[in-house]
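Could you build all of it, start to finish, from the sequences and the hints given here?
The chain contents come next:
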Amino acid sequence: MIVYILCFALFLVGIYGALTKRDLIKIILSIGIMGYAVNLMFILFAYKTDAKFAILIKEGINTNMVDPLPQALILTSIVIELGITALLVTLAIRLFEKYKTFDITKIRRLSG
Amino acid sequence: MKQTEGMTLIVKTVTRISVWMILLYGLYIILHGHISPGGGFAGGVIIALAFLNVMLAYGRGFIKRWVNIGFLHDIESSSAALFLAIGILGMAVGGGFLANFISHGKLFHLISAGTIPILNIVIAAKVSMGLFVVVWTLAIFHLDKGGKKE
Amino acid sequence: MPVETWLIFILGFMILGSIIALELKDILSSVISIGVVGLGVSVAFLFLQALDLAIVQFLFEIFALIILVRAFIGKEYHIKEPSKSHVIQTVVTIVVLLSILILSINVFRLLPQFGEPIFSTARHYIENGAKETGAANIVTAIILDYRAYDTLGEVTVLFTAILGVLAILRTKSKTTSPAGGDHETN
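Residue numbers (our numbering), protein chains in the order written: chain A, 2 to 113; chain B, -7 to 142; chain C, 44 to 229.
Rather than coming from a laboratory, the hints here were simulated on the basis of the structure.
Since the structure is predicted, the reported quantities are computational estimates derived from the model, not experimental observations.
All clues stand as given, with none of them false.
Calculated cross-link-like contacts (lysine-lysine; reagent style BS3-like; alpha-carbon spacing at most 27 Å):
1. Lys118/C - Lys99/A
2. Lys174/C - Lys49/A
3. Lys127/C - Lys68/C
Given below as structure tokens:
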């Protein structure tokens, strides 16, 4: 149970970074931390004690396997996280080009 | 060779020898996706990293002269359409959308498991070309806007 | 050592690394610390016997690091010093988040024990996976045969994100365009 609480604490560190930081780069890194915490939490739910990976091998019968269904779902999630990061970085580059800073308290004017 | 763009001579020589091994390893992980861990996504990123290795070692001018970026973009777009075409083909033969309609073959052989290796190759082509085009666009954007040159 | 002890160790380092990454002022150091957190997730996946995921997480995190470093290195900017109201807001946020963490311990007591998953659907996939699909890798059989529609959705989302990046970074140059050989941009 302690691993669940620590994983939730990692998620809360990500929320702290997204709420209080004023640097746009730190906000992007916090969204990444939240993504890591959620992916790890799902795979923690899928672990069976003293079980092996979910691949059939030629020698012997591998009957004690971990749960393969959350692994298939989180594979999709990891790929989508990369797309999110790439898009956020692109938006940050465009904002820097226009406002010459990454400070979010200064990116307020709706200049045309 | 010119020393004005890209990295030093040692990096260029080592890249010339080792980038083929990286491509071979990526191809191995793609094709053996249904026997050992890996699959289309991991193999696609490895191939994209091999292209990125050449771009960092030889400079952007080299890639601009020898590689047609529009062609890579077309490969990526047509891979997405090919995925849909395999799905509709499964529906035309009988069975649901994206059904496994090719014969399954023997277990642990390279050519087995129906449409699974074909989908692995399609996904790998899409992911690798897409990621390389994104990194190339970021690099060209810096060059056009007068950002920090490498 | 049992797996749970290793995982507590790794998670402790990850929490420390992420707090360090958010508090440093240098961009390169914080990006490297985020890389360490991602590497810790990959090692944790190896301990939890999720081999496909460890490879994919490691490679995609390297790619994210390359994109972050490429875009943000060399830009000079200045962040204002935090005002008094901002410091009070930060302290209130930390107090609220700590109280959420303490109150959630009761919720985690209701979950099943670590190491005893609820195995209802996966039992059918494990027993009949090799016979029905012919693949030895059960995770690949799930994402490309049993749940191939979700993989189609994922490919679509990745495609849309890449097209979004290409559309935002389009410039009005006449000589070369960012995403094409020599056809003109609009």
